[in-house]
Each structure stands twice: as C-alpha cells, then as structure tokens.
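*Asks:* Protein chains in written order, with the working numbering: chain W, 766 to 966; chain C, 2 to 192.
No lab work stands behind these hints: they were computed from the structure.
Remember, predicted model here, so these are calculated numbers, not experimental data.
Note that the Cβ used here is the ideal one computed from N, Cα and C, for glycine as well.
Honestly, I wouldn't trust all of these hints.
Now the stretches of chain C that chain W is said to cover, found in silico as 3 or more residues with beta-carbon under 8 Å [said to hold, decoys possible]:
hint : region
1    : 14 to 24
2    : 31 to 43
3    : 59 to 67
4    : 161 to 173
Derived DEER-like restraints, expressed as beta-carbon distance ranges [as the list claims (entries may be wrong)]:
hint : chain 1 : residue 1 : chain 2 : residue 2 : range
5    : C       : E127      : W       : F926      : 32 to 40 Å
6    : W       : I893      : C       : N128      : 37 to 45 Å
7    : W       : D934      : C       : T189      : 20 to 28 Å
8    : C       : G187      : W       : E864      : 23 to 31 Å
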Amino acid sequence: MAEILNQKQNFLKGIVKENPIFVMLLGMCPTLGVTSSAFNGLGMGVATMFVLIMSNLVVSLVKNQIPAKVRIPAFIIIIASFVTIVEMILEAFVPFLYEQLGIFIPLIVVNCIILGRAEAFASKNNVISSIIDAIGMGLGFVLALTVLGAVREILGSGSLFGFKFVSEDASTFILFILPPGAFIALAYLTVLFNKITSKTT
Amino acid sequence: MDYIIILIAAVFVNNIVLSQFLGICPFLGVSNKVSTSVGMSGAVLFVMTIATLATYLLYEFILVPAGLDYLRTITFILVIAALVQMVEIILKKVSPPLYQALGVFLPLITTNCTVLGVAILALGLENGSLLKAVFFAVANSLGFALALIVFASIREHLELANVPKGMKGVPINLLVAGLLSLAFLGFTGLV
C-alpha cells in the first residue's frame, strides 16, 4: 500500500509541486517559442513527453553499465537518438506540425527537463519509478504548454484549437500571438499558478 | 550588402532571444548583474563562432556527401559538447586571463540552445557559404549580447523598485522581458 502511495506522489509531483514550467522554470525556449496556439503547445508537449519517457526508460536500464565520468555525454546521445526519431515521425506523419515547430524539434535535445530528469532521477531509480516520474513530469509540461498556448490563442486570435468563436473581422489582442505576448502571458500565468498552489498547501 | 542585412536582421529584427526565443535559460538565469552578463555574452560569442564553423564544415563535407544528414542533431550536439570541453582546456593553457573571465560560463553553454539553434539555422541561409555561416553566428551572438546586457541593466534597477508581492522574482522578470521584446518589435520591417 505504501508502495502505491509513493508512486502516486512520484507521479503527481511533476504536475503540481515540481511543475517543470511554473515552478522549476526548465525548458523555457520551446515553452515561449511554440505556444502561439493551443495545438502547437500540445504537439510540442507530447513530442517532448515521448522523448522524456523513452530516455528515462533507457537511462534507468543502462545506468549501471555507464561509467560515472562519461554519463552526461552518454545521456545526451540517448536523448538525441530519440529526438531524431521524433523528428522523422513528425516529418512523415504530421508535416503541418513539423513545419510549425521548426527549429524547436531538434532543440528538444537541449531541453533541460530531459537531461535534468535523466541525471537527477532515472540514473538513481528503478525502471518503473523512472517511467512514472517521466509521465508525471511530461504531463506537467504538456499541461503548462497547452494552457499557455490556449490563453495566447484565445486572446490573440479569438479561437481555441483552431475553432474561431469571434467573427472574422473582430479585432483581437494580436500582441498575444506575437513574441512579447509569450513573456507577458507566462508572467501572469506564473502568478496565478503560485496563488493557487500556495492556497492548497 | 548581404552581410549588413544579416547583421541588422540578427541583432535587431529577429533578435535571437527576444523574438526567436532561443537561449531563454541563460537570459533569465545569469542576468542579475551586468558584469556576469558581459562574461556570458563573451563566452557565447566565442563558442558559437567556433561551433558554427565546425558544424558547417562537418555537415557540408561529411554528412551530406555520405547521405547521413538525418544524423544532424546527434552529431551537432556531440561536436558542440566536445568543443566546449576542448575550448575550456585550451583556454586554461593558452590564455589564463580569458579563462578566468569566461571559465564559469563555458560548461553552461553546452545546454544553451542558442549554440545548437544557430548551428542548425546557419545551414538554411540563402546562398550559404562558410563565411556567411560564421558571420551569421557572430551577428547572432551580438544580438544575444545586446538583449542580455540590456536586460541585466534593467534588472539591476529593478532590485530597488517596490514590486507587488505576488509579482516578485520570476513574473516581474518575464514581464520586463516582454516589454523589451515589445520594444524590439518596433524594428519589424527594417530589412
């Protein structure tokens, strides 16, 4: 029973207490760069989550074989391999998303969340805990990106996941789909997130 | 003429930090003092130039002829990581004062996405050549330096300002970055 409870906490910490975006501020480049719509945010989140789960899985499997001194380069190669796979899958099956995300797909390699979890968690824990940790962290990342994308899309283009709910010629806050809107929206979302979490704990 | 356009575009119009969102981590992380941000900018200028030179040659003369261009991401990140290590060792021997100034920032640069990002973007330049790719890297690191140093100067003043409780720390910095980005938006259409 205690075991299950532990895993539940392990899973939930990534979503709220150690949320990679709002609390730990990791992986900010894709967070700000691709979230001009909810769909892009979700796509980027899922791609990153896939790499995160696979790299945590492999790292925790081979952790005893890798000498401590070369572990960081080894982790980077593992991560880069999965990023290349994601890049190829996206290009083949979702070319629209591939074009939208552009440079940020190869840059998943240098997303600090992934290397951070490999180093801080997967290299010290067993396979099952590592996968659960990756799913929790990945979901926290997906949620943050989708919410930020949704807020920016609603304010900036008056739509959500591409469905427009204002008339074609209505004026929207275009600022929010432009670069400055990313910083400003994330600033206020962080305030909101801190407010909500400080109340519940 | 081409080169002037690349320079203006990289520094002002498509600023790598404020409009392309690369290198946000060091932008938020090492910008609390002007002196550290100058050191970081110097290290980025140094590494980015060498890294782009190395990855461009690698891509054009090894990966493309061998039909291995899908290995771009893996090879580039390895080359950059190895290069950063090498630069660190060489600097320590050859120029201790420069090592003193840049030393702390060098390891951080491996996970700085500007370096990998610019190396990849440099491959897609129009009528690309080695010289143009390297110039592109220099221009972008100047853009990075400008954004970082301006942001650090604002943050030094912000220390003394009376910020509402909920906005302290990260949110106010993000807002400042947002306003800075808004200012740079004014350069749109310049080239």
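*Asks:* For every hint, state whether the structure bears it out.
*Replies:* Evaluated hints:
no., hint, result
1, 14 to 24, "holds (count 6)"
2, 31 to 43, "violated (count 0)"
3, 59 to 67, "violated (count 0)"
4, 161 to 173, "holds (count 5)"
5, C:E127 with W:F926: 32 to 40 Å, "holds (35 Å)"
6, W:I893 with C:N128: 37 to 45 Å, "violated (53 Å)"
7, W:D934 with C:T189: 20 to 28 Å, "holds (23 Å)"
8, C:G187 with W:E864: 23 to 31 Å, "holds (28 Å)"
The structure shown violates the earlier hints numbered 2, 3, 6.
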